[in-house]
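Number of protein chains: 6
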Amino acid sequence: MFRHTQRLQFEAKPDQPDPLYAKKLQELVGGAWGEMTVAMQYMFQGWNCRAPGKYKDMILDIGTEELGHVEMLATMIARLLEGAPSETTAGMVDNDPVLGAIVGGMDPQQAIVGGGGALPVDSDGTPWNGKYIVASGNLLADFRVNVAAESQGRLQTARLYRMTDDPGVKEMLKFNLARDTMHQLQWLSAIEQLQEDGLEGTIAPNALLDEENQQHNSTLWGLSDGTTADQGKWASGTAPDGQHEFSYLDQPDPLGDLASAPPPDPYLYATSE
Amino acid sequence: MFRHTQRLQFEAKPDQPDPLYAKKLQELVGGAWGEMTVAMQYMFQGWNCRAPGKYKDMILDIGTEELGHVEMLATMIARLLEGAPSETTAGMVDNDPVLGAIVGGMDPQQAIVGGGGALPVDSDGTPWNGKYIVASGNLLADFRVNVAAESQGRLQTARLYRMTDDPGVKEMLKFNLARDTMHQLQWLSAIEQLQEDGLEGTIAPNALLDEENQQHNSTLWGLSDGTTADQGKWASGTAPDGQHEFSYLDQPDPLGDLASAPPPDPYLYATSE
Amino acid sequence: MFRHTQRLQFEAKPDQPDPLYAKKLQELVGGAWGEMTVAMQYMFQGWNCRAPGKYKDMILDIGTEELGHVEMLATMIARLLEGAPSETTAGMVDNDPVLGAIVGGMDPQQAIVGGGGALPVDSDGTPWNGKYIVASGNLLADFRVNVAAESQGRLQTARLYRMTDDPGVKEMLKFNLARDTMHQLQWLSAIEQLQEDGLEGTIAPNALLDEENQQHNSTLWGLSDGTTADQGKWASGTAPDGQHEFSYLDQPDPLGDLASAPPPDPYLYATSE
Amino acid sequence: MFRHTQRLQFEAKPDQPDPLYAKKLQELVGGAWGEMTVAMQYMFQGWNCRAPGKYKDMILDIGTEELGHVEMLATMIARLLEGAPSETTAGMVDNDPVLGAIVGGMDPQQAIVGGGGALPVDSDGTPWNGKYIVASGNLLADFRVNVAAESQGRLQTARLYRMTDDPGVKEMLKFNLARDTMHQLQWLSAIEQLQEDGLEGTIAPNALLDEENQQHNSTLWGLSDGTTADQGKWASGTAPDGQHEFSYLDQPDPLGDLASAPPPDPYLYATSE
Amino acid sequence: MFRHTQRLQFEAKPDQPDPLYAKKLQELVGGAWGEMTVAMQYMFQGWNCRAPGKYKDMILDIGTEELGHVEMLATMIARLLEGAPSETTAGMVDNDPVLGAIVGGMDPQQAIVGGGGALPVDSDGTPWNGKYIVASGNLLADFRVNVAAESQGRLQTARLYRMTDDPGVKEMLKFNLARDTMHQLQWLSAIEQLQEDGLEGTIAPNALLDEENQQHNSTLWGLSDGTTADQGKWASGTAPDGQHEFSYLDQPDPLGDLASAPPPDPYLYATSE
Amino acid sequence: MFRHTQRLQFEAKPDQPDPLYAKKLQELVGGAWGEMTVAMQYMFQGWNCRAPGKYKDMILDIGTEELGHVEMLATMIARLLEGAPSETTAGMVDNDPVLGAIVGGMDPQQAIVGGGGALPVDSDGTPWNGKYIVASGNLLADFRVNVAAESQGRLQTARLYRMTDDPGVKEMLKFNLARDTMHQLQWLSAIEQLQEDGLEGTIAPNALLDEENQQHNSTLWGLSDGTTADQGKWASGTAPDGQHEFSYLDQPDPLGDLASAPPPDPYLYATSE
Ligand SMILES: [Ca+2]
Ligand SMILES: [Ca+2]
Ligand SMILES: [Ca+2]
Ligand SMILES: [Ca+2]
Ligand SMILES: [Ca+2]
Ligand SMILES: [Ca+2]
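These protein sequence lines are chains A, B, C, D, E and F, in that order. Per my numbering: the first sequence ends with 273, consecutive numbering throughout. Per my numbering: the second sequence ends with 1273, consecutive numbering throughout. Per my numbering: the third sequence ends with 2273, consecutive numbering throughout. Per my numbering: the fourth sequence ends with 3273, consecutive numbering throughout. Per my numbering: the fifth sequence ends with 4273, consecutive numbering throughout. Per my numbering: the sixth sequence ends with 5273, consecutive numbering throughout.
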């Protein structure tokens, strides 16, 4: 069960409105790697967690925090939209190209649908959806998604940081950047912990390692014609699990027969000779 | 530019048809973590790669391989659907509950839409979409997504491996498991290479580390009431970057003021007092 | 079965083209609360209606009208796009910032895909989809959705009315506003009729009222820390059904045990201790 | 900012697993009218609320509660999936039609993707998305959506209540039914409060009532050939706002001219004579 | 503007309910090639039509008919769902595998969401969306989509015809098959008419034929290793426009330089050397 | 299995960057009729092809080529984005309306998400999805979709050709136009081949022609009130299959009875009298 305080985790006050930026900031609310994603992802992972104790507790701590980030960004967006020129007409644009540029670049739905507030969509107006998240029950596989999410999230935040010079916005983004740094470290550390606790290894999942095809689990298939792919650590030497030796196959032949689809039921009316 | 051979990378012949399994296997074709995802993701990453040389070459090698995996799985699905009971009617089901169970559990679109072939959808029939992939230009952020994708992919393959006892299907899945093992190792190794080459560090992106809020980049906010979150490596000691010291804040107060949305343009007709 | 006349229900002629406004108006065609939504929603409700007679007849009257609204708005959009600067190039924009603002703010798909016509999408370009509508068979539940749809629709129309000063557009929107007023009244009245006819009560559905948990059907759980939630009619006194007495629980304790997920099948490879 | 307790708002323990029901229950988690919808909808409405005081406080109370409902249902689903036959193969199905029926009717993604846990999707596997919710800033328009949501939600819960005879599941659903009853009453009461406080009237929004086309704001257009649509309260007498008189137009003529689309830019290559 | 009669274009009465088939038939209502698609597609094409006269008139005739097909199929689905076992519980399934197969294979949303009625979704539960249709303004391009839609539609109908032995259902499908035959012929004929009227030629659009690269508009690039692609009419001889001569290039070299992406703005933090 | 060369099929070098155009060009990458669509469509058709030999070989030739078109366009987009003003702030826009127009009209996700590269989305930012393609197994039905796809694709390319004056971009588009011309001819020719080979006829599928309702397979139902629909070839004379005689029914009566939905299970709580 959740409780809520109306105070924000961190301040979210721009020095002045900026409707163009309010559109861009939607990426951090409802984008594939935005705060709705990490909030929902960590909560579903916490609820599905089968390793009670410190893992579950930590996942739910961070999931609860991320929900507050959605709130913080939604509040910032509403404030950036204060006084946005919603009633601008064609005549006004003709006389004022700067106004025209602003109106042209705004997200019309923030006005028409959201009444000057944030929406659960990204910076192109695409709605957030449940396929952005995963909670597989396997913590190594999931924590790797989490490291990735905090990395893409911090990258987008850094890009957005460069697109504004509003001190209030920058102050909030400095907090977001810091939390994304912490969260990358936290998930990297949690992966180490899983391995130290003997719960998971290098390969996810830690299963079927003996059953899988041993001939094909350490070779890089060279199928593009770049000439330097074999110069990386991934093409020779010992792999990061300390157990496999990488090798590079240059333009190898296929191993299978001709692909073909058998005739289906005749009443499916596939064309066949 | 691409070239194609009609031979499969690896054999994909089931010992016998199994329409229920043909539905499940769609997850590896058109699911969020399926082969269409990794194929498209690696290709867009390769095309967007700004680090020419070994990175770009390697990314395009693996992207090209993954396309062949889509083909291999699509072929397997068509073969599993051979002879699927497409003309089964209500009367036949009444007399044969096993047939009924099969018909009830099949993906109707594989027959009605695909004519007994694979579809670009997942095991629940949800179509693949472009939001499943990312190519950000930042290789650390992207390679972390790639490690995650190969981990979720191998996990799903392992689960599917347990849901069949068909020797031909298992043979192919052993190859897929092996490639997923290799690809996890390959991306983990590529991350090490990025760091050894001095191109990226522990935090993605390697920027704004001094500008971000230093007070908040190493503390875990304890916002759920589990009591053991502070017992992991993520809550104390040195972080994986060797530079931050983790600490744990138990039920900390919010730092911001009351959240509030300012009045929008009056012609947006928000209710206000 | 339907018949069609090529005359519009109401006139839809702008005084002059306005491609920026043509984008915004898409919200009323293909938005979540646009005319495609009410047209499809009322038609599916009419077809699924199990209360033959006046309810079904009325629903199909209004559903048929709404289809004509889609046509009216699609026609208006095509007319607003007449002469839109589709061949504008970078050089032209450089020399004419007003033109640039217009080109930047237009919906590129109205030209590239629609050839200067309306699209089944909203003002951010998101396609209309079938999840926007509901036809549950329960008329109270559905009529409440209908009241809501006409309210959101009139709100969006009012906002759009303020974003233009074209007399022809405003004339059409005055008609639309009027129909939305009528349709709000119509569905409110239909809810009264359902209740007068003894078909439905205050709660939807009119069932399981005795079986539901009686302790928890009239209390407001105070889970946010605002201090005034108990000052509304919803927190004390008699509820709108005349049968329940509202009360307010300030920061109540949870009633359930610890949430936990049991171990799944081991071959799903969830991490567990 | 949010806080979380690991205790559930109400108990969620089935007497025994039931994987078929676990699929159906997804509707209440990630369906268009499920708990994710009301949780997100009320939170965005609370954040966007411009009427500080009791309205905002109440909205955030209920939004915070609904998040706990997502948790409660996700927990129930994981428990219903305990021991689900994930490794069932074709051979096993052939010998056991009951098992076959169960396997055929299960949601394969709950195993393959969720590892035996809940997913942010509905009972057909369609992912939740942000277009399910609205927060317009106009409280009358939004509270009407909320009444509708709690009505559809209670209706679906009632239907699901009839599809199980598990005492533990029924106990939880009795709580859900009760909360949906309360929430319908709460929003109905909040609409009365808005009107008593003079903030909104009968029509949403309370604006442009004089500017709209007065000839067309109280007539029902009879466009289907049912003969009894004029027998309801919606076709004659005083409307619910006490100000309009309803009337019925039987098969009225259209008011507009012929619909036509003007020629677009010639370089859009529309076919024209 | 539209008018509606409550009589169906053709009868839609099954001899008996069949909930499994009711799920499959959703493909023809809300599938990518179902009746909602052709209805909406033809209506948008009619509204966007710039060739007034016989083309526009004919398009609107058929679009109006298709709407009636949606109604006919939605009615059939509701009738097939009569008496569907909505309250079936786990216990009942255990004792009756045929019932279990039926319950497992039904679309749960038809009961939970639609209350025993049709939904605007396909046979896998994916909602219909606006991207299924096109109205480009170019009639040749659009009529070719229409021929394709009626072909896929008739194919799916033929497959569904084989999946039932209910005389009432088959009677309706015989009508649908006939209309699809007519509509294929109608659009093929309309393409001939366009060409006879000199409005369009063989290539869509009839423009830029001289400006396009003349070296590359009649050669088949052989990029797969099948050996017989040059044995079709498409690889030699005169093309269907009577103007180009086909030729076949076996494994041709690429014409462009190395693909590469230039460095973006440094503040986008792409990894580069 | 596939192989890849890093050389492009054709050159893709703009003379100078143009971020506004980079957004529009997304339509050809990830739009409904873009290169991802034809690439994936032809590959799935090739894999599902049951007519081995020249048809399958040809389909896979062209599918493989289209993949290279995705690459070519993605490369062009990255080059058009070189130097795009990603760090533009509100202050800069205020002083430079041309810059403002550019920033307002750019796709923000190309910077924030793609780091200055192409995305798998269309020109409105909607992600590509698997429902854009079809591979039904019936080659006549599928080749008709292919003709349509190449027609819509060439039409969009022609429109985009008019929206730029950059010689490098135009050079690439001249190649694309030429390939679309060839591909239209190729599929038209393949349809002729299917018919010459006796594999398919005029109607898809070539089945149930005797069983379908013979009264209704050649009449045009006049349901809109335009007066000239009967003046086309589609309304009289011999149909394109040489076997049916067209006729025109002016405002015909419906053939079916009243539409009605039967009562569902009472526990679905549909409103009924
Ligand atoms: Ca965050
Ligand atoms: Ca793979
Ligand atoms: Ca309307
Ligand atoms: Ca609830
Ligand atoms: Ca039809
Ligand atoms: Ca192409």
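If you're looking for bench data, these hints aren't it; they were derived computationally from the structure. Heads up, a few of these hints could be off.
Stated by the list, open to error - Covered stretches of chain D, going by a simulated chain E footprint (3 or more residues, C-beta under 8 angstroms):
(1) 3023–3031
(2) 3118–3128
(3) 3163–3170
(4) 3213–3227
The C-beta atom is built at its ideal place from N, Cα and C for all residues, glycine as well.
Exercise for review: With a C-beta cutoff of 8 angstroms, work out whether three or more residues of the region 3118–3128 of chain D approach chain E closely enough for the coverage to hold.
Suggested key: Coverage by chain E holds for the region 3118–3128 of chain D (5 residues, Cβ < 8 angstroms).
Review point. Do at least three Cβ atoms from the region 3163–3170 of chain D come closer than 8 angstroms to Cβ atoms of chain E?
Key: holds (count 4)
Exercise for review: Check, residue by residue, whether the region 3213–3227 of chain D contains three or more positions whose beta-carbon lies closer than 8 angstroms to a beta-carbon of chain E, and give the verdict.
Suggested key: holds (count 4)
**Study point:** Within 8 angstroms of chain E's CB atoms, at least three CB atoms from the region 3023–3031 of chain D: coverage verdict
**Key:** holds (count 4)
In summary, this structure violates none of the numbered hints.
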